[in-house]
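Here is what each chain is made of, one letter per residue.
There are 4 protein chains.
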Amino acid sequence: MNKVKIGSVGLGRLGVRHAENIAGKIQRAELAALCDVDAAKLRETAGRLGVSRCFGSFEEMIASKDIDAVVLVSPSGLHTKQIAAALAAGKHVFSEKPLGVSVAECKEAEKAVEAHPDLVFMLGFMRRFDESYQYAHQKVAAGEIGRPVLFRSYSQDPEKFIEGAIAFAPHSGGQFLDMAVHDIDLARWFTGSEPETVYAIGDCYAHPEFGRYKDGDNVSCLLKFKNGCMVFLFAGRTAPHGYNVETEIIGTKGILRIASVPQKNLVEILDSHGVRKECSENFLERFESAYVNEIQEFVDCVADGRKPVVSVYDGTRVSEIAYTCKAAFEQGSLITF
Amino acid sequence: MNKVKIGSVGLGRLGVRHAENIAGKIQRAELAALCDVDAAKLRETAGRLGVSRCFGSFEEMIASKDIDAVVLVSPSGLHTKQIAAALAAGKHVFSEKPLGVSVAECKEAEKAVEAHPDLVFMLGFMRRFDESYQYAHQKVAAGEIGRPVLFRSYSQDPEKFIEGAIAFAPHSGGQFLDMAVHDIDLARWFTGSEPETVYAIGDCYAHPEFGRYKDGDNVSCLLKFKNGCMVFLFAGRTAPHGYNVETEIIGTKGILRIASVPQKNLVEILDSHGVRKECSENFLERFESAYVNEIQEFVDCVADGRKPVVSVYDGTRVSEIAYTCKAAFEQGSLITF
Amino acid sequence: MNKVKIGSVGLGRLGVRHAENIAGKIQRAELAALCDVDAAKLRETAGRLGVSRCFGSFEEMIASKDIDAVVLVSPSGLHTKQIAAALAAGKHVFSEKPLGVSVAECKEAEKAVEAHPDLVFMLGFMRRFDESYQYAHQKVAAGEIGRPVLFRSYSQDPEKFIEGAIAFAPHSGGQFLDMAVHDIDLARWFTGSEPETVYAIGDCYAHPEFGRYKDGDNVSCLLKFKNGCMVFLFAGRTAPHGYNVETEIIGTKGILRIASVPQKNLVEILDSHGVRKECSENFLERFESAYVNEIQEFVDCVADGRKPVVSVYDGTRVSEIAYTCKAAFEQGSLITF
Amino acid sequence: MNKVKIGSVGLGRLGVRHAENIAGKIQRAELAALCDVDAAKLRETAGRLGVSRCFGSFEEMIASKDIDAVVLVSPSGLHTKQIAAALAAGKHVFSEKPLGVSVAECKEAEKAVEAHPDLVFMLGFMRRFDESYQYAHQKVAAGEIGRPVLFRSYSQDPEKFIEGAIAFAPHSGGQFLDMAVHDIDLARWFTGSEPETVYAIGDCYAHPEFGRYKDGDNVSCLLKFKNGCMVFLFAGRTAPHGYNVETEIIGTKGILRIASVPQKNLVEILDSHGVRKECSENFLERFESAYVNEIQEFVDCVADGRKPVVSVYDGTRVSEIAYTCKAAFEQGSLITF
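Protein chains in written order, with the working numbering: chain A, 563 to 899; chain B, 563 to 899; chain C, 563 to 899; chain D, 563 to 899.
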């Protein structure tokens, strides 16, 4: 059994995490190469993780025969063309979300994937690989909660990271595209349905800077899905308590809540503040094992010749929905899909 | 200090509870008379609570000199005219919600109240008198959570009472008027603002019977309030776990959740089902002390010559909003107030 | 139905609370008289609660024909003789714990009670009247948790009241007699059994002052009960978070925990301290309704000619056990009952 | 950097888990060999994990030059002599608890370890490597909870595994040695102190079979530690809800609780049973990452030439204490260390 040789692209915070995971925690895989434009960062990471091949150029990396697959953690604007180029070079591709920075780009990515049916393509909707979300999904799929009535999902980033969020605002696409996409993916996955209408609102409650991009620091939307399920999504940048990703699925026979308390760990503290649990700080902490599991799934798909459960069409569909939410928000109107 | 002599009208489940409370738990008050069309129920309750005067006719009761105030727990359709008649007879009035079964009726009630400025009128939004809601409101009013971003409130009745809900459906006005009014009242109370837009959806997920009245068994709406606050309300008849009234107020500096677990009491059970808390069964259990507190407030207002915090205009405003939510639901459209 | 006319003795914090409850929240009862040596306190309370008869002398009060029953919230050292005197004067008696300040005194109280079989005597073990403890007890009695294996109970007073606790230390009898008696009562009530052995330890962890009285600021003991049940009790004066009374009963088929989080109310706060619940401040807050319920039970027993579930022998037995725990602690030895 | 070549001994449930972890999740290590007397199990596991060298004989395995270290997950009775033999053969040793089946054996193990100061020896107290226990320990060590007052720790195995526990009873050494050793280790680690006295009780509450070995199915003990800290330990075989390992450390300035609800994951279920969390099933589920972390620490110590935080003396000391608890239980007496 040969190991899947992976070239990892992009060494931002999540990129480094993926590289570390591939180097140390993913079975049947080998971190064969790293690629980044920051030569110092590249050298430091490669040295630390024992990676022999480093590339400043993505094109050079995918030209290498020693690589079977690429993991793209590059800037969002590069995703579509890197996906297409890597597939054209015969490499399996795992790409962080988004698939592209416009629906048109997503469609291009679809074409590239369709042109290479023998290669594995997978998009990084890591929440699907979190043990708690998986456990809940099995229960829903098994009919344990009956018919889904309301799907509610929150994505909240801590206020303490607001400066980074403001700096990134010009390029993020806004809260619906940058944050709510994960909730949209979950809504489709849990309900097995698609949205029919959406109304979206929000505002700059604390940080007027987001207004420059026709965005709010906290936004929400209410969607009616085709199977009748109500879907309420909330995305915010000012969480006072920590990184809060929570989901509730109300069914006719049962209700599931995932992470309604964003607990850091199993420690409970009793002191002058009351009885309390400290919270997860960020996505890397909360989804630590989900990030491992998703890459493992990608590697297993490559190694076993399977297709991942997350397809390129999921990426396009989620983007289309997020853009429609954004449009509803900007126009202040009800939109029918 | 003379006790406030109260005539209580209507001996349904909540009516009996109010009568018991007035007889036994309300200070500065005396349960002086009971009124109901069911003579047997009247006799039994009067005997049990030691009430000497019983009336089959509301008009006769309010003609009595021995009564200072009435508590109306009669069918909704009678509220407006009973309010007007009681005030005209010089009695202070506490009325259960709704103020009337149409906005026009609410306006009539307003006029009746305005015509008797010396009499106390109070509407039964009991949640405002629940200790936990009061505690949360004080924190919000004190600015402890900063600016309100999202107000989310649920009213869920247990599936096990569905037959009663279906039987009552022709007269209930639908989920927005029968259930969500309490959440609408809370939203206005907590945010200090009024709605600007509303989009409402829902369906009959388990019980098609509600469809006959253009209603769903579970419905929700998303409102934008004038101060920018997002408001998401959910009302359902099929709660699998019990009576669930919960509210979350997300602010820029803190978040409050009231009763996110609808615990019956402080007992936690560890058995083959896991670690669990049993749930409140119904509104009488959950709001046991709130029902006492609200009547106490009414009596104190009468005794001390004060005006209650809940005015007749709150009743009208909440009804207007609920009718607008209902219209948005029936039309499937976005409505601007 | 005549109301039970009660004379309430002692206007400390709990005494005032009992007086307020009798005046306003207890059915079939009337607060007929108050007794305290502090004339100003007496006057203020009587005025506020509308009580016409005030006594500086206990003996004079029980000589009054206008009183049916007394509620003793006087200093512990007076309990036994006041119980005897009140019974001798033909009054029903409710006494706060302890029954006496020595086992000999408890035996005297027993004799006084036995000499007046037609009068109601009840001791104030209020926890038995808390809804959550009652709910748990019903489950245990119904066999829902199988055979009791371990009974664990904590009584913790907040550190912020430490000055009062230190001032009271010369007269309190120590933590086992002042605090753990409630847990001992619960242990006997839940297990239906009696202790066979006890080993007790503890120390002055923060406040050496308690050492003067051969006591610790935090103590614990492990008892083996005759039915085999293990009983672990902990009593402490330095709780950092609030007033914490919690109990766990581990059975062979289920486990119950009562108030394992000493939550103040149903509000959950999410802020920079994490996700938290604030805590009860003191016994008056935590056992607010239990204090009402126990007096209601006393009044109902008087009115209906019933005997209370808590007998004088429970008082003696609990005292004997607490003194034995204290002896085990002081001697550092294992004691067999 | 060469990888540490590990030979893993014993393919019971935990042995297989350790082998899988070493093969797939431990960095800087290689699963070089497997050893078990069950040839079929050996073949199956080796094939699945890609291990080329298999041994039916422990002696042959440690004679191999291709192995740097051994991980002992063999029957408890073999630990001491395998530790000694492996060290004598120049191998680093990680051994599951216990160090030996008697204090005399533990002392032999100490001598073997002392005779090879250049080799790493580590004992498997995995709880110290659980993230939540580590987080709590840092807080305690940093003084955040003040002076430790009470250390309480539970080890409960689910009733549903009782048949295996009964079958293993003749060889387990009893609940104190088989279960409470982990809690004893934690007590010493968190308090930094040693026991001075112990009183132990318990019984066969559901399963008389344990009585044959002078043991109970549920036992507990109360210890006074030299620094004054009270320590209460409980070990049981009949947990109705799942695998429950919880710890509470009450300090003068704060209280920490670790895993007071033994939640399976972050999913909360609301259904006819109330609001509930399902529980961990067994130690492999609860301590999944702790088992990885402890072997990683062992490997890092070998690779970096460090000594582990858990020494051979910890193993001896914990055994001595557990045997003393057992003696106190069997004799029904208070024992001073």
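Be careful, since some hints might not be right.
Which copy is meant is left open, because identical chains are indistinguishable; a pair holds if it fits in one copy or across any two.
Derived lysine-lysine pairs resembling DSBU-like cross-links, with alpha carbons at most 30 angstroms apart [said to hold, decoys possible]:
id, residue 1, residue 2
1, 826, 722
2, 722, 815
3, 587, 776
4, 815, 776
5, 839, 722
6, 587, 565
7, 815, 869
8, 673, 826
9, 722, 701
10, 669, 839
11, 722, 788
12, 776, 627
13, 567, 776
14, 788, 815
15, 669, 722
16, 815, 669
17, 627, 815
Simulated from the structure, these hints should not be mistaken for laboratory data.
Each hint, compared with the structure:
no., hint, verdict
1, 826 - 722, "both (16 angstroms within a copy, 29 angstroms between copies)"
2, 722 - 815, "between (39 angstroms within a copy, 11 angstroms between copies)"
3, 587 - 776, "neither (41 angstroms within a copy, 46 angstroms between copies)"
4, 815 - 776, "between (40 angstroms within a copy, 23 angstroms between copies)"
5, 839 - 722, "both (18 angstroms within a copy, 23 angstroms between copies)"
6, 587 - 565, "both (13 angstroms within a copy, 15 angstroms between copies)"
7, 815 - 869, "neither (33 angstroms within a copy, 44 angstroms between copies)"
8, 673 - 826, "neither (41 angstroms within a copy, 42 angstroms between copies)"
9, 722 - 701, "between (35 angstroms within a copy, 22 angstroms between copies)"
10, 669 - 839, "neither (44 angstroms within a copy, 42 angstroms between copies)"
11, 722 - 788, "between (38 angstroms within a copy, 28 angstroms between copies)"
12, 776 - 627, "neither (45 angstroms within a copy, 65 angstroms between copies)"
13, 567 - 776, "neither (43 angstroms within a copy, 58 angstroms between copies)"
14, 788 - 815, "within (20 angstroms within a copy, 37 angstroms between copies)"
15, 669 - 722, "neither (36 angstroms within a copy, 48 angstroms between copies)"
16, 815 - 669, "neither (39 angstroms within a copy, 41 angstroms between copies)"
17, 627 - 815, "neither (54 angstroms within a copy, 53 angstroms between copies)"
Taken one by one, the earlier hints fail for this structure at numbers 3, 7, 8, 10, 12, 13, 15, 16, 17, listed in ascending order.
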